[in-house]
Amino acid sequence: MDNKILTGHLAKAPRSSWKAWLGVVPFFIFAILFLLLPSVRLFIGSFTDNSGKFTLENIIQLFTQKTILDAYKVSIQISAVTALAGGIFGFMLAYSVTVGGLPKPLRSALITFSGVASNFAGVPLAFAFVATLGRTGFITAILKNVFHLNIYQSGFTLYGFIGLCLTYMYFQFPLMVLVMAPALDGLKKEWKEAALNLGANNLQYWLKVAMPVLLPSILGSMILLFGNSFGAYATAYALTGGQLPIVTILIGAQIRGDVLHNPGLGYSLAMGMVIIMAVSLGFYSWLQGWTERWLK
Amino acid sequence: MNLISKARKISIWSWFWFILGVLYYVLPLYATLVFSLQMERGVVSFKAYESAFADPEFWRTFSYSIFLAVMTIIVSITLVVPTAYWIRLKLPEARRIVEFITLMPFVVPAIILVFGLIRIYSFPVVIPFTSIQIIPPLTNFKVGTNILIIAGYIVLGLPYMYRSVDTGMRTVDVRTLTEAAQAMGANWGTIITKVILPNVRTALLSGALLTFAIVVGEVILASFLGVPAFGPYLFLLGQHRAYEPAALSFTTFLLTWAAMGIIQLVTGGQGQTTGAH
Amino acid sequence: MRTNKFVLPIFVVFVIFATALTACGPAATAVPTEAPTAAPTEAPVDPMAELVVAAQAEGNLTTIALPHDWCNYGEAIQAYKDKYGIAVNELLPDGSSGEEIEAIKANKDNTGPQAPDVVDVGLSFGPTSAAEGLLMPYKVSTWDTIPDSAKDKDGYWYGDYFGVMAFQVNTDVATSVPADWADLLKPEFNGQVALSGDPRLSNQAIQAVFASALANGGSLDNAQPGLDFFKAMNAAGNLVPLIGNNGLVAKGEIAVRITWDYNGLAGNDGFAGNPKSTLVIPATGRFAGMYVQAISAYAPHPNAAKLWMEFLYSDEGQIYWMKGYCHPIREADLRTRGVIPADLLAKIPDITGAVFPSLDQLNAAKALITGDWDKVVGANIQAAP
Chain H
1 MDNKILTGHL AKAPRSSWKA WLGVVPFFIF AILFLLLPSV RLFIGSFTDN
51 SGKFTLENII QLFTQKTILD AYKVSIQISA VTALAGGIFG FMLAYSVTVG
101 GLPKPLRSAL ITFSGVASNF AGVPLAFAFV ATLGRTGFIT AILKNVFHLN
151 IYQSGFTLYG FIGLCLTYMY FQFPLMVLVM APALDGLKKE WKEAALNLGA
201 NNLQYWLKVA MPVLLPSILG SMILLFGNSF GAYATAYALT GGQLPIVTIL
251 IGAQIRGDVL HNPGLGYSLA MGMVIIMAVS LGFYSWLQGW TERWLK
Chain B
1 MNLISKARKI SIWSWFWFIL GVLYYVLPLY ATLVFSLQME RGVVSFKAYE
51 SAFADPEFWR TFSYSIFLAV MTIIVSITLV VPTAYWIRLK LPEARRIVEF
101 ITLMPFVVPA IILVFGLIRI YSFPVVIPFT SIQIIPPLTN FKVGTNILII
151 AGYIVLGLPY MYRSVDTGMR TVDVRTLTEA AQAMGANWGT IITKVILPNV
201 RTALLSGALL TFAIVVGEVI LASFLGVPAF GPYLFLLGQH RAYEPAALSF
251 TTFLLTWAAM GIIQLVTGGQ GQTTGAH
Chain E
1 MRTNKFVLPI FVVFVIFATA LTACGPAATA VPTEAPTAAP TEAPVDPMAE
51 LVVAAQAEGN LTTIALPHDW CNYGEAIQAY KDKYGIAVNE LLPDGSSGEE
101 IEAIKANKDN TGPQAPDVVD VGLSFGPTSA AEGLLMPYKV STWDTIPDSA
151 KDKDGYWYGD YFGVMAFQVN TDVATSVPAD WADLLKPEFN GQVALSGDPR
201 LSNQAIQAVF ASALANGGSL DNAQPGLDFF KAMNAAGNLV PLIGNNGLVA
251 KGEIAVRITW DYNGLAGNDG FAGNPKSTLV IPATGRFAGM YVQAISAYAP
301 HPNAAKLWME FLYSDEGQIY WMKGYCHPIR EADLRTRGVI PADLLAKIPD
351 ITGAVFPSLD QLNAAKALIT GDWDKVVGAN IQAAP
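Respectively, the protein sequence lines represent chains H, B and E.
Residue numbering for the first sequence follows this note's numbering, beginning at 1 and increasing consecutively.
Residue numbering for the second sequence follows this note's numbering, beginning at 1 and increasing consecutively.
Residue numbering for the third sequence follows this note's numbering, beginning at 1 and increasing consecutively.
Watch out, some of these pointers could steer you wrong.
Stated by the list, open to error - Here are the simulated DSSO-like cross-link-like pairs (lysine-lysine), alpha carbons at most 30 angstroms apart as the crow flies:
id, chain 1, residue 1, chain 2, residue 2
1, B, Lys90, B, Lys194
2, E, Lys105, H, Lys53
3, E, Lys323, B, Lys47
4, H, Lys144, E, Lys276
5, B, Lys47, E, Lys276
6, E, Lys108, H, Lys144
7, B, Lys47, E, Lys347
8, H, Lys66, E, Lys105
9, E, Lys81, B, Lys142
10, E, Lys231, H, Lys73
11, H, Lys66, E, Lys375
12, H, Lys208, H, Lys189
13, E, Lys231, H, Lys66
14, B, Lys142, E, Lys83
15, H, Lys144, B, Lys47
16, E, Lys151, E, Lys186
17, E, Lys375, H, Lys73
18, B, Lys194, H, Lys19
19, B, Lys142, E, Lys108
20, E, Lys323, H, Lys53
21, E, Lys105, B, Lys142
22, H, Lys19, B, Lys90
Rather than coming from a laboratory, the hints here were simulated on the basis of the structure.
Here the structure is a predicted model, which means the values were calculated and not measured.
Full structure from sequences and hints, please.
Structure representation (structure tokens):
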């Protein structure tokens, strides 16, 4: 994601008259109607009980009801694992086409494909992975016939935790590639030459110069990946048929029919999710800003 | 060690990760393709594709999704271009708020958005302290539901559309263009349609293609709002058939690749990212 | 953070808005609605023409959970559309009976396309939903030819079709073909067996568990052995915690799907030999299950809904179901009048001697299975430890 959106310019233009604000009114009306109002509705709803009075009970139940706690636990686990694994894999991939010095055409191919892959989520991705790692999938068959390794015998299933993580990885690490490539580009060659001239070896350069600069960006991007995975619904639903107890699927069930038997709880569930996403995004932009300072 | 051998040493690891990455990208797609060609027992054929494209329901839902995508793109452009232009030209202090708003869709994923939209718009929207209805309950009639889903899609695509247009306007000096046009006596309407829009064509194309990719495959808003779009159709197909969904999935991938490829071409390698759905 | 400057004003705007809305905005919960309207019982003959006109004026019908290859609903829906020119909006095609009822509840005040007009649910869901006031009574013109045991006396719900529980087997993947319930516990079916729904929501899955009880020392009055059987299957690793659908069988992800015979037969037809498959009715017995039609009390298009019922319960409608291998509820009447085509008579599965649980037995079993499934079997996809 481009930090320039987040940091913006520090404009010193004189304060415009109120008439100037008219130009952006349609946009604001749209945003209020279709973005703000729904969010506020959920926000208020989470503090309301069935008779319409204010209550903190819904928030408390978020932390005490077992179904909800389990759902959050699984969601967080999947998001953490795919953020970490996707982050590392994506970083190494981005590294290979930037600092790693692979030819330029390979780099643009990788960037294009990363753009495609980070978009290829949801139902088609689930089908693709069933064709790959399902019981009669392509890779499963290769592993069985060539390597004599029956993964399903050893308890693996595409429809469980590991399977879902592997599927999520498909759109997680491309996102990392797209975010880290510009950051890695920003590593100035002069720094490496200076370090080498001062007697450092490759490893020391990386540990003491490059990584400290990149670390906030890497961390921030992983947090972005975390949020990305946390909010995913269609892929999980298409793969597990709504059986996996994660927060998004629980919210989906709540929308269709009041499975929690408490509308307010549904709203607070949604709010909890929004807060987690907001915190991730906040951390991401903060950390990106930090790295930006060095890489300008 | 000199720099050349150092470079060679790094390259081996680079190649390793690169090849691993390529494998991860390509294998699932290859598996899907292979599976989709196996509909006829023991024969490689395009039967799955024939069967999939022969289904009238496919054309109904796919064309409906395209219709929704086009409407989304049009309204989105009408909303975003003047706003981005205005901010750049006359209202720099609104930039922060607007950018914050365009980031909100990252924080409010589709499932939450549809939750809020349904809960609010299944009731009429009244002016506070009165019973005057500004908006009737949108979910109660088909056109209303269409309005809702298009609005939802605009929200989902907002970050990308706005960012694309904003970047496009940055590279084209809108201030000078406007002044020149005004000096020649053009009014605001002419300026925006005849001067600004053509110059941000690339950005618009980029944003439009991304929006298209998002809308056509979208499942969440479509299925919860009960709209007969392509996403729910594909999901349903997967419940009942094996080969046709694989064929359609591969086709979807090709379409997405085409869209992204065009974006790459016109923007010269910037690329854009979207999140998970 | 550099967006600090605007956070406070935005938050203030947020709070002001929130307060304004709390004071007078829409209610936080669903607004209580009017009691369901009781439709006058239709006398046969002329009101039919009036009904068609009224339904066409409404122009739309919203159905829910009607897969096209379930009892050949695909053809039936198309025929209804063609005959009357009414558009049909199909919701949640793979929904379960439980989800259908939830959808009625969730859309009480909604007259839009998300609210179902008609539902097709398992027999035990009929009386409970009627008791909750979710259904609208209506007696079709062929009411008298529906067996008394299969309908509610006031017309709130009425049986539509039935079949028996069976196994749909993908013989390309399954190493052997199970002949009975007990075979499903054998090691060669490890990771290969699945139910067709969630036993807490889906009538089909609930009846599957109930059916297995009969083969394991239980009876129509005792469904507990069914739960124990599935517990054993889950412990052996044979039960795949997925909702088994036709697509998964086609892909070979599931080798043995426990489903109604008509679903298995229709699915096997669709494979066209790839994969090879077969349908097995368990040797211990034919366990029959019936579904019922009902109109939602909050139906946005009540006349289109009634017309749909008239259509389904006409000879034409009943025969559409037969084409999908289902035994329509008016079958006895159709046979005596000799209106069933010969090829259908040959095709439809023979289920003589099938046992039909009574409503009380069904209710008891449903309560037991939905309530205790998590406790006894607990088959749910859990995160890795």
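Comparing the hints with the structure gives:
Distance hint between lysine 90/B and lysine 194/B is fulfilled; the C-alpha atoms sit about 19 angstroms from each other, no more than 30 angstroms. Pair hint lysine 105/E plus lysine 53/H holds up; C-alpha atoms about 22 angstroms apart against a cutoff of 30 angstroms. Distance check on the hinted pair: lysine 323/E and lysine 47/B sit about 25 angstroms apart at the alpha-carbon level, within 30 angstroms; holds. Proximity of lysine 144/H to lysine 276/E is assessed by CA-CA distance (about 22 angstroms); at most 30 angstroms being required, the pair is judged to hold.
Simply put, lysine 47/B and lysine 276/E have alpha-carbon atoms about 17 angstroms apart, close enough for the 30 angstroms limit, and the pair holds. A threshold of 30 angstroms between alpha carbons decides the hint, and for lysine 108/E with lysine 144/H the separation of about 53 angstroms lies outside it, so the pair is violated. Proximity of lysine 47/B to lysine 347/E is assessed by CA-CA distance (about 28 angstroms); at most 30 angstroms being required, the pair is judged to hold. Our distance criterion of 30 angstroms between C-alpha atoms is met by lysine 66/H and lysine 105/E, whose separation comes to about 25 angstroms.
For the proposed pair lysine 81/E and lysine 142/B, the alpha carbon gap of about 18 angstroms is at most 30 angstroms, so the pair holds. Taking the CA atoms of lysine 231/E and lysine 73/H, the gap is near 25 angstroms; set against the 30 angstroms cutoff, the hint holds. Straight-line distance between C-alpha atoms of lysine 66/H and lysine 375/E comes to about 14 angstroms, which keeps the hinted pair within the 30 angstroms bound. Taken as a hint, the lysine 208/H and lysine 189/H pair is honoured in the structure, with Cα atoms around 15 angstroms apart against an allowance of 30 angstroms.
In summary, the hint linking lysine 231/E to lysine 66/H is supported, as the alpha carbons are separated by about 22 angstroms, within the 30 angstroms threshold. Straight-line distance between C-alpha atoms of lysine 142/B and lysine 83/E comes to about 23 angstroms, which keeps the hinted pair within the 30 angstroms bound. A threshold of 30 angstroms between alpha carbons decides the hint, and for lysine 144/H with lysine 47/B the separation of about 28 angstroms falls inside it, so the pair holds. Under the criterion of a C-alpha separation no larger than 30 angstroms, the hint pairing lysine 151/E with lysine 186/E is inconsistent with the structure, at around 40 angstroms.
For the hint linking lysine 375/E to lysine 73/H, the alpha-carbon distance of about 21 angstroms falls within 30 angstroms, and the restraint holds. Among the hinted pairs, lysine 194/B with lysine 19/H is consistent with the structure: their alpha-carbon atoms are about 24 angstroms apart, no more than 30 angstroms. With a CA separation close to 17 angstroms, the supplied pair lysine 142/B and lysine 108/E stays within the 30 angstroms bound. Taking the CA atoms of lysine 323/E and lysine 53/H, the gap is about 55 angstroms. The hint is violated against a cut of 30 angstroms.
For the suggested pair lysine 105/E and lysine 142/B, the alpha carbons sit about 20 angstroms apart, so the restraint of at most 30 angstroms is met. The hinted pair formed by lysine 19/H and lysine 90/B meets the criterion: a straight-line CA distance of about 10 angstroms does not exceed 30 angstroms.
Hints 6, 16 and 20 from the earlier list are contradicted by this structure; the remaining hints agree with it.
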